[in-house]
Structure formats: structure tokens, C-alpha cells
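Asker: Spelled out, the chains give:
Number of protein chains: 4
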Amino acid sequence: MSAAKKTLNVAMIGQGFMGRAHSNAFHQVGHFFDTPFDLRRKVICGRNRETLDAMAARWGWDETATEWQAVVERKDIDVVDIATPNNLHAPVALAAAKAGKILLCEKPLAMSVAEAEQMAAAARKVPNLVWFNYRRVPAIALAKRIMDEGRLGQVYHYRAVYLQSWGPEREGVWRFNKSVAGSGAMGDLLSHSVDLALMLNGPISELSAMLRTFAPPPRDVDDAALMLARFANGSIGSFEATRYAVGRRNYNQFEIHGSKGMLRFNLEDLNRLEFFDSNDKQEILGPHQVLVTGPGHPYVDRYWPPGHIIGYEHTFISTLADFLDALAKNQPFHANFDDATQVQRVLEAVEHSAADGRWEKLEKGARAAD
Amino acid sequence: MSAAKKTLNVAMIGQGFMGRAHSNAFHQVGHFFDTPFDLRRKVICGRNRETLDAMAARWGWDETATEWQAVVERKDIDVVDIATPNNLHAPVALAAAKAGKILLCEKPLAMSVAEAEQMAAAARKVPNLVWFNYRRVPAIALAKRIMDEGRLGQVYHYRAVYLQSWGPEREGVWRFNKSVAGSGAMGDLLSHSVDLALMLNGPISELSAMLRTFAPPPRDVDDAALMLARFANGSIGSFEATRYAVGRRNYNQFEIHGSKGMLRFNLEDLNRLEFFDSNDKQEILGPHQVLVTGPGHPYVDRYWPPGHIIGYEHTFISTLADFLDALAKNQPFHANFDDATQVQRVLEAVEHSAADGRWEKLEKGARAAD
Amino acid sequence: MSAAKKTLNVAMIGQGFMGRAHSNAFHQVGHFFDTPFDLRRKVICGRNRETLDAMAARWGWDETATEWQAVVERKDIDVVDIATPNNLHAPVALAAAKAGKILLCEKPLAMSVAEAEQMAAAARKVPNLVWFNYRRVPAIALAKRIMDEGRLGQVYHYRAVYLQSWGPEREGVWRFNKSVAGSGAMGDLLSHSVDLALMLNGPISELSAMLRTFAPPPRDVDDAALMLARFANGSIGSFEATRYAVGRRNYNQFEIHGSKGMLRFNLEDLNRLEFFDSNDKQEILGPHQVLVTGPGHPYVDRYWPPGHIIGYEHTFISTLADFLDALAKNQPFHANFDDATQVQRVLEAVEHSAADGRWEKLEKGARAAD
Amino acid sequence: MSAAKKTLNVAMIGQGFMGRAHSNAFHQVGHFFDTPFDLRRKVICGRNRETLDAMAARWGWDETATEWQAVVERKDIDVVDIATPNNLHAPVALAAAKAGKILLCEKPLAMSVAEAEQMAAAARKVPNLVWFNYRRVPAIALAKRIMDEGRLGQVYHYRAVYLQSWGPEREGVWRFNKSVAGSGAMGDLLSHSVDLALMLNGPISELSAMLRTFAPPPRDVDDAALMLARFANGSIGSFEATRYAVGRRNYNQFEIHGSKGMLRFNLEDLNRLEFFDSNDKQEILGPHQVLVTGPGHPYVDRYWPPGHIIGYEHTFISTLADFLDALAKNQPFHANFDDATQVQRVLEAVEHSAADGRWEKLEKGARAAD
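In order, the protein sequence lines correspond to chains A, B, C and D.
Under the working numbering, the first residue of the first sequence is numbered 58, with each subsequent residue one higher.
Under the working numbering, the first residue of the second sequence is numbered 58, with each subsequent residue one higher.
Under the working numbering, the first residue of the third sequence is numbered 58, with each subsequent residue one higher.
Under the working numbering, the first residue of the fourth sequence is numbered 58, with each subsequent residue one higher.
Chain A extracted, bound-state conformation:
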């Protein structure tokens, strides 16, 4: 924490739920991590002037703006953070990339693979991040470590569900509008499950899927997405994402069976990982219920002592800390725009398969960068 730390000026485009989560991360990252940069919350940009002023005041943004086009070209801006509805991701990202800005973008990256590829191409010239924040849940980072060390052996099964139940209070939100959101549960929830699957278990080579809208018109996005998959590593998978899982709030679960063990995680129990280790003595074989709050666990030593729970917002903080660290060291960071494009390819294959009722091959494969 020397005085010589460079300051990065941030412009955030968007002021909704994600705008709050990002604002909090910009605030908190330096409190818990030894960041190589200082972040200055320079401009927040949004359409609703009234809420924008209140949000800027509350979260300490120096300035407000209503036109993103001007903001992303400002010379004094180093970082452009995109927290808008999905249909604005591409225009903002492309303009910001052209202006040479560091790019942070919410998921799903784009409205289509074509759009995602264009964005990824542009982003290759600048440091970039996609907010697949669940990669930095400590329990998930631990799961990745266990997978990478080969402690699950040959993987047989990958199973993921992302279960939410949206009440009537959500009526009218942009996420129900296809022209703005691109898709429903698929882009919002399945994208998270797919990103984690690609990270943990590698590329998907083939899939069969179904999309379903339970709500009456004019609702035009999917409420649920189901998919069967074959992975390049020989394992098979089952995925389900829905906003109609009455009884569940934010039940983002995966379960993986390999020849040597099992892993299970559920976001409603964010601080735990279940790990079955077939190397345990036979009579005490059983899933370990690991409270992933240290010692020896990813990220958590930056926060509170062992046993002291962290929450949803910390996943954004840890993501940002890793990004800044990679930025300072000029190292690759994941998930980036290329990673998110792989997710987009899977989502597009889901749409194709759902439309024509056939298995869909992912010819390029959906490779997870590592």
C-alpha cells in the first residue's frame, strides 16, 4: 500500500441491482485485499436522473452522466464497467474497446454468438473481465482446485440446476423482454451454470435442450431451460435453469461424480462444499461437509476468521481483486470475453436444439480458457 499506487478512474454504465453490487466491490476491494491500484468511482451513467443522483450520493460516485457514448470516450476514464440491460452490452463494449478502455461487463455477454465474437475480438486489445462472479465463491474455487488436482478421477456425471422463483413483484422488469434481455432463464441463470461447468469440467461437445415459457404472452422469453450434454472429457451432464421453482430462491447447485469422488455445491449454502473422497477409509466414507471459511481456503483469509460467514457480495469483491492483480502482473484473467463467448455458443446451441428437437453439435467446442 505504498503512496505510489496508480489510480484507475472507473465509469460505470448502469444503476440497477448489478450497479449496486459493482459499486460495493469498487468500495470494498481495497479494504480486504492489497490491491495494486486504487479505484476511483469517477462517473456513474444512467437514464433515470433522479435515481442516478441518489445512487451517486449513496455510493460515492464523483459525477453522474446520462449519455454513455460521451462517457466511454473521456480521456480521464480508465475502466468502463457495463452493468446495463443485455442489449446495451455490445454497443457500450465496442465503443469502450475502441477507446482503449479496460472493460468489465456483466453476463450474459451478448445477445448472440455473432455479437459476442465481435465483442471478444474487440476486447482482445484491452484487459477485460466478464462478471461470472460465482467462480470466486470460495467453495467453488476450492472445487476447481480439487478438480484440477485430479482428485475426482475420471468424471462420469455433471449435474447442475439453477432454481429461482420469481414472484409477481418482478412483473415488468426488462429481464422479461426478449428484445432487451435476449432470453430469460437461459441467459440469466443457465449462463452461470454453463460457465461453471466449462471451467470445472471442460468443453461441451453436444447437447439436447428444451426451452419453456410458462407465462402467457406478451412474455416472450423462456422461463425454463433444460439440457442434456456430452462433454469432451467423456462425461455426461444434465442442466436445468428456471424461474418457476417455487420453494427455491437462489438454488444454484452443481454435483459432479468422478471415479474417485464427488463434489456438490449450492449457492443457498454459499459457505459450504460437499466432497466425497473415495480414498477415505471405507467405514468412514461419506461426503465431507466443508465449511469453506478457512484456514487453507481460497479468498476467505482476506475477510474474517475461520467460521465467520461471508455472503453474495464478496464474490464480486474477490473477482475484482483477482482482476486487478492479473492486470498489474500483465497475466491472463478469467472469465474474460473469450470465456463468455464460449458460454454464448452453448446458449445458442440450446436455442437451436430446442427449436428443431435434435442434438446439437458444438463444432468448435465450447472451450473454457484456463
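It should be emphasised that the hints constitute simulated quantities derived from the structure, not laboratory data.
Computed from a predicted model, the values in this text were never measured in an experiment.
Certain hints may be false.
Treat identical chains as interchangeable: a pair holds within one or across any two.
In the SDA-like style, the derived pairs of lysine to any residue whose C-alpha atoms are separated by at most 20 angstroms in a straight line are [claimed, not checked]:
#1 K132 - A412
#2 K317 - D337
#3 K317 - P273
#4 K155 - K182
#5 K182 - Q388
#6 K182 - P225
#7 K338 - R208
#8 K201 - Q339
#9 K63 - A179
#10 K317 - E340
Let chain A serve as the given structure and place chains B, C and D on it in line with the hints.
Answerer: Structure of chains B, C and D alone, referenced to chain A:
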């Protein structure tokens, strides 16, 4: 329990794991239920003479026999119980039906739909039962009651997994041999999940499926079966059955989301049902963890006081008790050969879909009798 | 299972809940275990002639009788099983011991330490058992094995609760009447917890306790018993037994912390043991959730394949199997009358401490025979 | 959030674990709550100059100081926050109260009841708070609401454990030194359990306790504290606090049984409350597993949408928000110095009872202000 109770003489064909489970049920049913008939364990029939004698002695069978053909035609036999490998179900059932015997048969009923239909046609002349024993798990019977009362509202999602992990000690069993077993995880495990789904949620109208054998040849049965489904009631489903779920022993789970609530059950936790009731006051909304051991719960008042756990074997006892009761009252019993034929239709559609990579329509529908 | 197996004729005194549980065990033990003796259900003895006849018919007792005094002296009786209300344990046991019968007795053994000591002295001349059936829960037998192997290290804490909630349907039962039951939750529930504690963790040297009756007079037994304890091995303990734990049915739990690990068990989840092993690698440290259904687990290989749940009644069957095995081998069996007398000493100390508000020393110690 | 909000200048004395937790709360409270005051982190005061500078830089304190005496008398300071080792609470609080400062103090409040009473007397002249932060866990605030509405009926049992396991890495910390900490597990952990019990269930009238030090000298504080209690409302309680619960990290649990229901909470599962409601229909009776993340739940609407988990640190933020709100409205706030004095009376009774082996009456009662 008057002295005038009629005695039914039972012949059991088979002496394996299921032979033990059935023998126990024949013994125990009268201890816990007020049965309208006495059951006499008259003949046990099997090929291995040595184990057969030991088994007869241990479980109190009066006689042993090695040729089922003669046994099923004996005048003094009232009930033929089929606990053989799958490929013998049809010949034994057809012969016994022809001889007018009451028929009890293990699942899966048959090697094919054609065979099942032939058996079901023959069985319509006699009282008959298929041992889909999990219908009588108290928690599942309670789930059915809740569904039948409409307390889940419109169903959106049905999700089932049946997860086992078979160790090397099982090598060589007949269940791995296609000519004897017909299929692997599909007939053994998925059949249970499908039977419960048809009972609880009604017919499946369309499905897309995948079968997978992880083991090397000469293994020729599926080790895993995955399936997506559309139900006639408008809900959608996801199914998975596998013998390669390291970390799970007998994890037969279903989870159902409707507009008014959620149900969840898992066989490794046989005495519990999870029920989310959206009618609860908002601040205490959450799945009820119901210990289904009474009072007010199906079957359990026949066994022990509330809070005293029952086990796997009791599902056979309660099934038999219900069957005898229906027999005395000349009422329909389920699951019978017709019900099991519906399951067989789904399994055959799974095979077709897995082979040709397309959604498979169930034209007649797989209707669950009620 | 040779034809030369000796038959033991059993007389059971009592026909209530425990009479059913024992009858079932006498039936089932030979089905699941290779017993060195055959058991014949010779006489069942009770006061209520009507229920007695029904019970004898249902459970296959050859004869009925209403006067236990004559029964226990019959030459053709080998085993006297006492399943009466508590105040009859002593007279029946003393008479049966005098007649040289093998003695099986329900818990709590006696109405007082003096009575227990007299019974234990008489019983030393004959094979004897007290039905502390929970010792043979597979998960508890596994816990004992882990303790005996020293895998918990130095024990620091022992914590037990036995939580039930008795509804109005139980009003009027003999268990609420002090002159018949001796005590309430203390003798009925705390006795189980104390027996397990002595078995697992050794003698208690000192205790402070509280008894409480929530119900109005004429209820004269305790509804709840609480106790703090010092064990001879240096660990400290906390115990609670109650019939007023609304929300719990049969929640018999213990939790033990030692320098090397933790064990936790709860009877409402009878087939599971939780074991924390501090030797696990740090990052996967967490309680193992062991589904104690084999392989390698006590008793369960006698019942069903791994993953197939057993229930409450099996604890009686396994207890009886072990007793018959010890009897044939002329080896000591536990829990016997001496073990149960140690439990009685603890209960009496609880009463003294509750009465005078002081810590009570157990001068002889409450030694668990092993 | 008008521009006219008054700013309160804060001086924090202390820079350890609690100093971080408080710094975070001062930062975050205005981000999530509409606070009536702005808080300025004016001075942080500590002995270790090196860590102090780093901490001030990281958490944005304007100034540092090493002598608390001068700081607490500064005219420009409005709030003194005490996050020192326990033996400094009294001198700092008394000096700050004398200087008319708003007082915030860590728990346990004092080294003795006498000290606590002196502090409470002084604090009555100024707004004051004690950081019993767990009162603002949303699940616990919901539990209090349920209790206050009488939805548990007559309370029978209160049961609390606070289980931690401290590894060798903690050797040498001030919390092991009696002259600095006052006590061990008792003041550190049991104090939390007692505060919650007094808040939820009212005064304790009598107790019997045991203290135990497992570690060898020179360790001179208790490692474990056990206690039985009688509450003024007629219920009875059991408490245990320990740093030797291998297998548990921060297992702060309470369980309450009343005539109409049960409540259970555990801090390792901070976002959940278990509630058994005996008014539920009999067949679906079972503990509700409530994910206390809204809607309708205390505090959580200030943070993230339903289903998005919060953590340990949020309890401090919500505590501070409530305090500032009460301050602006000139309303009483709890827990304050008087509440903490009641906790201190219980702890002192624990010490007396542990020393003389008798039940200890709390003559004044340990009344929880409401």
C-alpha cells in the same frame, strides 16, 4: 383375525435379493396388518439347490423346487411370486396366468413393450401386482395425497435422479448382462423413477434421452440413463439414473415444483418428506421437514410410535398388505401389470430416442392407472 | 443352521409397545442372523385377557397366561423376557433368576439402586441382558469402534439430548405414574443417554442435575431432566431429556468432541453417523456424513445391500443376535444387569442432586463394563 | 439523504479483529441504510504504530493516535468506539462518558459486575451501545419477532451452545490472559448466548455452572463454561460455551421449545431459521427451513434480493443502522450498557456457582431491557 381366514398358498420363483425381501414381507405382513388372508410360504423355487435349501430353512418355506414350470401349475398353489432375473418374468407370468394364479412380479415387468403387453393381457384375468414397492414409502404415499388434493397447484417441474455407485463386488451379476436383464440402470433404477412420476404427475407425452455405458465390453447394458420429458399436464421433467454416482448409495430423489408448493423426497432419507407450502405466512415460508412417522401419516401407524424409524423392507410389507386388502374387497390394485406396461413404454421410448437422437412421442401416452 | 440347534423356550411377561418390539425380534433374529439357538415363542403373559389373545395370535405365541409367578417357574421355560411396567421388573426378575432362567429385562432396570443391586446380584447366576437396544444401532456401534480405537483422542466434551414431545393421546399411560414408572423422562429417556455415555466415554464421577414437572398434579413424575457431568476420563458433559420438546419426536442425539475429532448421532436419522476427523487434509476438513449401511459397518451386512435403510426394530434384532451368540460361546454380554445398575446409580444421583441443589459424587463410580 | 445531515466524528480505540469489523460497519452503513447521520472516521487509536498506520490507510481513518486519554476528550469527537481488550473497556468508557461522548463498546462489557454497574451508571447520561451484534442477525431478529408475538406459546426449554475450536495459531493472544480478558470462553462466547437468551426468553433467576480449563498453565482462563438455568418465565435452560469443540468453527446455536412451536438457529448457517409451528396441519408438521433473506424479513431488504446470502459483517452494519436511527429519534436502543450489565451478572453468577458447586440465585434478576 377370525379363525375363518382363508389361507393362500404362495410359490416364490427366485431366491436372490428380492427373494429375501419378499420372504420377509410374507412373514411380516400379518404381524403388522389385519390381513384378510393368511399366507403360507408353500414352495420356493430356484436353480441352485444348495442355497435354496438354506434359504427355505431360514425363511420357513415348506418345500423347495427347481423347475418352475411344474410349480406354477400345482393345484395347491394360489399365488405365484416372480423374483427371478428379468428374462424369466414373461414365461413364468404367462404360464402362471394361464393356470389362473394370482400374480406378483418384480420390476421391470418385461424385456420389451411387446412382452409387457402380452403379459398384461394375460394378467387381466387374475389379480396381479408389480413390486414397485416405493409407492408405499410413507413419505411418497403422503406426497401422492398432497398432489391428489391439488395442494401443489399447477405443476411446472418434475425432477428425478436415482443415483447408485456399484463397486467391483458386483462384477458378474446378471444385472450387467443384457440378454438376462434387458437393460442396466434404465430397467433397474429409471423404471422406479418413471413409475413414481407417472403415479404422481400423470402421463409423459414426449421425451429426449441418452444412454451411456462407462464400463468396457463385454458389459452390454447401460450404466446411466438421462432423459428430458414433457408431461401431458404441461409440466416438464428431467430424469437421471446411474450406477456411477460415486458418493451416493441409494439416492432415489424426486422434486416437484407447482404453482402452490414444492415436494422433495430422497430414499436415503426414507422417513422424511420436504414440503414447501406457499400458503404459509410469508415470513415463515420454507420447506417443512416432515418426519413421516405419524400421526396422520400413511402406513406408519401399523408399525411403531411416532418418531420411530422404519426401513426399506417395510415398503414390501405395506405393498403386500394393500394388495391383500384389495383382493378381499375385489378392488383394483396399483401398481399392476398395466401400470408396469406404461413404464415399459417410457423405457422403450428412451431407447429409441437414445438411438436416433430425436424426441420420441408416446402416442398412446404412458397413462398411470389410478 | 444344522438340525441339531437347541431350542430355547421363551416366556414374555408384558404385552405393550415393548412386547411387540420383542416379539418381532424373536421372530426375525433367525431370518437375518445365523443364530446358535432356535427360539420358540412359548408363553405370553399379561393381565388383559382380550388383548393378550389377539397378541398371541398375531405374533405366534403358543400359549397365554395371566399369572407371571407360575410362568417363570415352569420347567419348560428357558428364557424369561420382562416387558412389564417398571415396578414389576424386580419381582419378576428375582423370581425368574431364582428359577434359574435366562433373563431379559427392559430398561430402566429398577425403581432404585437398592433394587437394581439386588436384581444384579441375583442375575449374576444366569445369562442376562437389559434391552438398551440403542447400543446396536449400527451408527452407534461404529461410534464405539471409533472411540475404542482412540480415533477421537483425548475427549473434552460429551453432549446428549433426548427430545420427545408427548401429545394428549398419551394421557393416562402408566409412564406418568410414579408408583409404577419410578420416574418420567429420567428413567425413560435419560437412562438411554446415560447408558450410551457410559459405554462410549466411561464412568461419570460427579454431576449436578435438575428435574422438572411441567404438567399439573396429579402428574408426579419428571417431564424433563437436565444434568451437567464430570467423567472419570477428564471430559465434561451436558445431558437433557424431556417429553416437552415440541418439534421433536424421537431426537436422541449425542455429540462428542475429542482432541482428534468429533462424533455426532441422532436417532431421528438412525442410519447416519457424523464423524469429523482432524487427520483429514486441512482444506477438506469437515464432518463426514456416513450413511452407515455398509460395506464395513456393524450389523448391516445381515440385512440389506448398502444404501438400504433399516429401522428402529432392527436394534432389538441385533441385540438379541449378539446375546445368543455370547450365550453359545459362554462369553460376557453387555448391556447386562450390572451395566444397568451403573445407569441406575447415575439416575439416583440425579435425583439427589436435583433435590438438594448440589453436585453429587458417584463414589463407586458408574463403571461401564466393556 | 438531504445535504443537511449532521456528521458525527468517530474515534475508534483498538485495531484488532473487532477494529476491522467496526471500520467496515462505519463505511458500509450509509451504503445500505438511509442513515440520519454521516459518520466520519476521524481517529483510530492503538499502541502498535506500524499496524496502526496501515490500518488507517486501508480503512480511511483521517488520523491516528496512540494515547486514548487525549483522544476521548477531543472536542471534535462525537463518538468513542471501544474495541480494545476487555480490561480497557472500563477506563476508556468512563473517561469518554465523562467527556459526554456517544459510547459504543465491545462485549463483554466489563471485568466484573461492579465495573459494569459503574460503567452503566456513567453511560446513562449519553447514548450508548454494546456490540452484541448477533441480535441483528436477520434470522435472530425474526426469532425475536416470533417470540414477541407469542407464537411459541409457553416456553419450556431454552438450549444454547457456542462451539468453537481454537488451533495453535491462537497461542499467545490476549484472550487467553485473565488479567486482560477477564475470562475465556465465558466472556467471549457464553456472553453472546446469554445476551440472546435474555433478549428472547427474559431474565434468568437461578443457575448452576461449571468452568473448565483444559490447557495447562500458564493458561488461566476457562476454556469451557457449562450452565443449567431457571428462567423467570418458568422455562429451564442449558448452556455450553467452549473453545475445545473440535469439528466446529463458529457454531453458535440456540433451540427453544414452547407449547406451540420450536425455534432453532445456528450461526454457521447464518441465513436460516428453523421454525416448527404446531398450528400447521398435522400431516405436514415439521420444522420450516426458512431462508431468511426476504421478502418480509428484518434487515435483508437493505442488502440484496431474496435468496442472496449475507454474512457475518452485516450484523455490525445493521446494529449501527439501528443505533443511529434510535439516536436521531431519541429512542432507547438495545443492547446498551444496562443490558450488558445484566449479562455480566449472569457471568458472575456462573463464576460463583462454579466455585462453590451450588445453585446461584440472581436476586435482582438479570432483566433484559426490551
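Asker: Each hint should be assessed against the structure and marked as holding or not.
Answerer: Results of checking the hints against the structure:
1. K132 - A412: Answer is neither; intra-copy 46 angstroms and inter-copy 60 angstroms both fail.
2. K317 - D337: both (10 angstroms within a copy, 16 angstroms between copies)
3. K317 - P273: Close across copies (18 angstroms), not inside one copy (46 angstroms); limit 20 angstroms.
4. K155 - K182: within (9 angstroms within a copy, 62 angstroms between copies)
5. K182 - Q388: Answer is within: at 14 angstroms inside a copy they meet the 20 angstroms cutoff, but 58 angstroms across does not.
6. K182 - P225: For K182 and P225, neither the intra-copy (43 angstroms) nor the inter-copy (49 angstroms) Cα distance is at most 20 angstroms.
7. K338 - R208: both (16 angstroms within a copy, 13 angstroms between copies)
8. K201 - Q339: Answer is between: at 16 angstroms across copies they meet the 20 angstroms cutoff, but 25 angstroms inside does not.
9. K63 - A179: neither (25 angstroms within a copy, 48 angstroms between copies)
10. K317 - E340: both (16 angstroms within a copy, 17 angstroms between copies)
When each numbered hint is compared with the structure, violations occur for hints 1, 6 and 9.
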